[in-house]
Amino acid sequence: AQRVTQPEKLLSVFKGAPVELKCNYSYSGSPELFWYVQYSRQRLQLLLRHISRESIKGFTADLNKGETSFHLKKPFAQEEDSAMYYCALSGGVNRDDKIIFGKGTRLHILP
Amino acid sequence: ETGVTQTPRHLVMGMTNKKSLKCEQHLGHNAMYWYKQSAKKPLELMFVYSLEERVENNSVPSRFSPECPNSSHLFLHLHTLQPEDSALYLCASSPSTDSISPLHFGNGTRLTVT
Chain A
2 AQRVTQPEKL LSVFKGAPVE LKCNYSYSGS PELFWYVQYS RQRLQLLLRH
52 ISRESIKGFT ADLNKGETSF HLKKPFAQEE DSAMYYCALS GGVNRDDKII
102 FGKGTRLHIL P
Chain B
1386 ETGVTQTPRH LVMGMTNKKS LKCEQHLGHN AMYWYKQSAK KPLELMFVYS
1436 LEERVENNSV PSRFSPECPN SSHLFLHLHT LQPEDSALYL CASSPSTDSI
1486 SPLHFGNGTR LTVT
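These protein sequences, in sequence, are chains A and B.
Those letters in the first sequence? Residues 2 to 112, per the numbering used here, in order.
Those letters in the second sequence? Residues 1386 to 1499, per the numbering used here, in order.
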């Protein structure tokens, strides 16, 4: 069965320190992975997706099929990174599986 | 206004009331979605529409009734709800139901059932 696990409900990191938000998944095929972010008083929005292999706002995420993980990383945290982060999975372009989300991790950047 | 707009932002209703949530997208997308976000649970997909046709209904109780009159508008009609239906209801759109298409979300409607 499809499943997305974000083991941390809350992660507090000092400004300037590295950030790693964990995401593990369970999927029988080749999944497509996403990170969505929700800043305070803003709507949920796409941060980045595996297929694009891009860095957005200094964040990157590498798909590790061996460990079935898609952790979100940033080398130096900034205060504006404080937000709710959701990892999401779908079945990829050739599948009908719709996107499912993890429970989310709240990232709190300490000054 | 561009993007995905949901109204109302907040709604309080009794269990015997009938109300509707509205979603409108100005992105030219062909797919629209309803999600439910409850405390301590992941986002739950409720309904998917592609070009005004319902393509997915995730075992949602019949007290929730979706309507998609055209590709820009989506409604969620509510009747005889239960207190456990209190949640944030999010509308989203995407270019297609192709599962690599990113979702564009509205701000949501915070529903409280008393």
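Hint data in this document are derived by calculation from the structure and do not stem from the laboratory.
Take these hints with a grain of salt, some might be off.
[Unchecked claim] No farther apart than 20 Å at their CA atoms in a straight line, the calculated lysine to aspartate or glutamate pairs in the DMTMM-like style are these: (1) K99(A) with E1438(B); (2) K1404(B) with E1469(B); (3) K1425(B) with E1469(B); (4) K104(A) with D1470(B); (5) K1425(B) with E9(A).
Against the structure, the hints:
At most 20 Å may separate the alpha-carbon atoms for a hinted pair to count; K99(A) and E1438(B) meet this at roughly 16 Å. Between the alpha carbons of K1404(B) and E1469(B) the distance comes to roughly 16 Å, so the proposed pair stays at or under 20 Å and holds. The hinted pair formed by K1425(B) and E1469(B) meets the criterion: a straight-line CA distance of about 13 Å does not exceed 20 Å. The straight-line distance between the Cα atoms of K104(A) and D1470(B) is roughly 18 Å, inside the 20 Å bound, and the hint therefore holds.
Only pairs whose Cα atoms come within 20 Å are accepted, and K1425(B) paired with E9(A) is accepted, the gap being roughly 12 Å.
Checked against the numbered hints above, the structure breaks none of them.
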